[in-house]
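Chains as they are written, first to last, in our numbering: chain A, 23 to 222; chain B, 14 to 375.
Do not rely on the hints blindly, as some may be mistaken.
[Stated by the list, open to error] Ranges of calculated distance between the beta carbons of each label pair, as one might list FRET restraints:
(1) F54/A - E309/B: 52 to 62 Å
(2) K40/A - E103/B: 18 to 28 Å
(3) L57/A - G46/B: 51 to 61 Å
(4) E62/A - A192/B: 54 to 64 Å
(5) G197/A - L337/B: 41 to 51 Å
(6) H184/B - P30/A: 45 to 55 Å
What the hints contain is simulated information worked out from the structure, not anything from laboratory work.
Quick reminder that beta carbons are idealized off the backbone N, C-alpha and C, glycines included.
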Amino acid sequence: MSSPYALPIARLIDELCKLPGVGPKTGQRLAFHLLHRRPEDARSLAQAILDATEQIGTCSVCQNLTDTDPCAICRDSARDGSVICVVEEPRDLAAMERTGEYRGRYHVLQGAISPMDGVGPEELRIRELLSRVQGGGVREVILATNTDVEGETTAMYLARVLKPFQVSVTRIARGLPVGGDLDYADQVTLARALEGRREV
Amino acid sequence: MRLSQLELRDFRNYVREEVEPGPGMNIFSGDNGQGKSNLLEAAAWLAVGRSPRRAREADAVRHGASGFLVRAVGQGLAGRMVREMSFRSEGGRRLTQDGKCLRQVRDLLGGMRVVHFSPDDLFLVGGGPERRRRFLDLMIAQVSVGYVGALTAYHRFLLQRNALLKEIRQHRRPVSVLAALEEGMAREGARVTAERARVLEAAGKLAETAYRQVSGGREELGISYAPSAADEEALRVGLERRRGEELARGTSLVGPHRDEVRITLNGRPARLYGSQGQMRSAALSLRLAERRWMCERTGEEPVMLLDDLSSELDPGRRGAILRLLAGTAQVFLTCTDPGELPREPEEARYFRVEEGTVHRER
Chain A
23 MSSPYALPIA
33 RLIDELCKLP
43 GVGPKTGQRL
53 AFHLLHRRPE
63 DARSLAQAIL
73 DATEQIGTCS
83 VCQNLTDTDP
93 CAICRDSARD
103 GSVICVVEEP
113 RDLAAMERTG
123 EYRGRYHVLQ
133 GAISPMDGVG
143 PEELRIRELL
153 SRVQGGGVRE
163 VILATNTDVE
173 GETTAMYLAR
183 VLKPFQVSVT
193 RIARGLPVGG
203 DLDYADQVTL
213 ARALEGRREV
Chain B
14 MRLSQLELRD
24 FRNYVREEVE
34 PGPGMNIFSG
44 DNGQGKSNLL
54 EAAAWLAVGR
64 SPRRAREADA
74 VRHGASGFLV
84 RAVGQGLAGR
94 MVREMSFRSE
104 GGRRLTQDGK
114 CLRQVRDLLG
124 GMRVVHFSPD
134 DLFLVGGGPE
144 RRRRFLDLMI
154 AQVSVGYVGA
164 LTAYHRFLLQ
174 RNALLKEIRQ
184 HRRPVSVLAA
194 LEEGMAREGA
204 RVTAERARVL
214 EAAGKLAETA
224 YRQVSGGREE
234 LGISYAPSAA
244 DEEALRVGLE
254 RRRGEELARG
264 TSLVGPHRDE
274 VRITLNGRPA
284 RLYGSQGQMR
294 SAALSLRLAE
304 RRWMCERTGE
314 EPVMLLDDLS
324 SELDPGRRGA
334 ILRLLAGTAQ
344 VFLTCTDPGE
354 LPREPEEARY
364 FRVEEGTVHR
374 ER
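Next comes chain A alone, as it looks inside the complex (with noise of 0.2 Å):
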């Protein structure tokens, strides 16, 4: 089918429909947007995307996204390099940032077992991840991937494969969100929460 538009704003809609949640309809919107800004906007936002994606590569040891090697949490001293927290996504390692309460190192594995999407433990960084604890100085090995089927399979299966070394491997708890009312979580989230208790 034939673009309406002339070329250049058909090859730009088509480009930006390719990015996740946008169809067609909000790719004709996004277009028109950029092509109502000044040139100097069009440009920059050009060079962002460029930047990011020529400078952006994998840090070394911990896997995250970065634009040194070793990234910046790697080359923190003052950080404990004994404990190593492993998420799924550089995303989880952001929140778990925010959260300015960890003060240890990350792994990150840059995604979650998953044999329908044909992701296995070999597609994930968990070689690199081995080879951290092999190399010796980790006390603990802390788990939070996603409380999800996958993110608990691959907990499950780095529990197994951490089994051989001397660490402690835990594993986050799950339960109700800080300053809820009991009677208003959800069940599953209420149940499972009811599993994790704790002596007090």
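Starting from the known structure of chain A, arrange chain B on it as the hints suggest.
Structure of chain B alone, referenced to chain A:
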């Protein structure tokens, strides 16, 4: 739960219709193919998010229309509520309650409880085990969000495991991942089995009692749960033991998805030895038990949607059932001839259904 209004637009053979049911018995009569069952289907679909006929939304759009809308106003323990389901051929389905979008199954179940009985329920007794599991699942899911959570997780584990079995068979994956997956799977699976067994223990007794009332006490109905693995440990061991066979077939052979609800008549499997009439009575008893059980668990009557009860049962049994329900639940009943029904539901509202229109009579 009582519905005070049911509205259909471009749904099945309805262009635009609004029904105002009474709080008790509501009798919809009309010839075949006029749209009686469609009314009940709409109500059930709104309540559980799925068509009891297992139809897709696109199948329910009136011929020539581009989408449909069904809407119910109801009064429950939690107060007045309005539920709406709209579907557009492009744009998909949208379900709301009081204007709030219900995105997940778990948000939607329990807000409006129904029990739907139809001639198709014959397969509940005579059909394959998945029919009985689905019956049990939907009944529990309407009162327990926790159950929905466990069931959803279990099915996801199952899909992942079956995908993994295929990968392992093609030597693309080491077996070690399987053990990790089975750990969570056994936990969720055991939770599903335990809840089903517990519920069926209570509901089965209710069904056995109901059957005695329906059949006049001449035969004994027996209902029991037969899990493929009794608990988490058994499930874990079972998964491990049958791995070889499962690898060869590329599918999981142990777990709640293989559990069975056993139904017997005078001690013999109803599926094999029951007559049509007996199987129908047994199916109806299960539905009556579903109602009683929900009622006991939640303190609220579900809306009873009884499709074509008269073709199912002789007048004596029909009368027994109507007496059982009279004065308690709100009932939607369809039949071809209201004259076949006993006269006692005095407060009943009568509706005539003709070519996608509904007229109140008397």
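Taking the hints in turn, this is what the structure says about them:
Distance hint for F54/A and E309/B: a CB-CB separation of about 60 Å, consistent with the stated range 52 to 62 Å. Between K40/A and E103/B the CB atoms are about 21 Å apart, so this pair conforms to the stated range of 18 to 28 Å. Between L57/A and G46/B the CB atoms are about 56 Å apart, so this pair conforms to the stated range of 51 to 61 Å. At about 57 Å, the CB distance of E62/A to A192/B agrees with the hint of 54 to 64 Å.
A C-beta distance of roughly 44 Å is found between G197/A and L337/B, which places it inside the suggested range of 41 to 51 Å. For H184/B paired with P30/A, a C-beta distance near 49 Å keeps the hint of 45 to 55 Å intact.
When each numbered hint is compared with the structure, no violation occurs for any of them.
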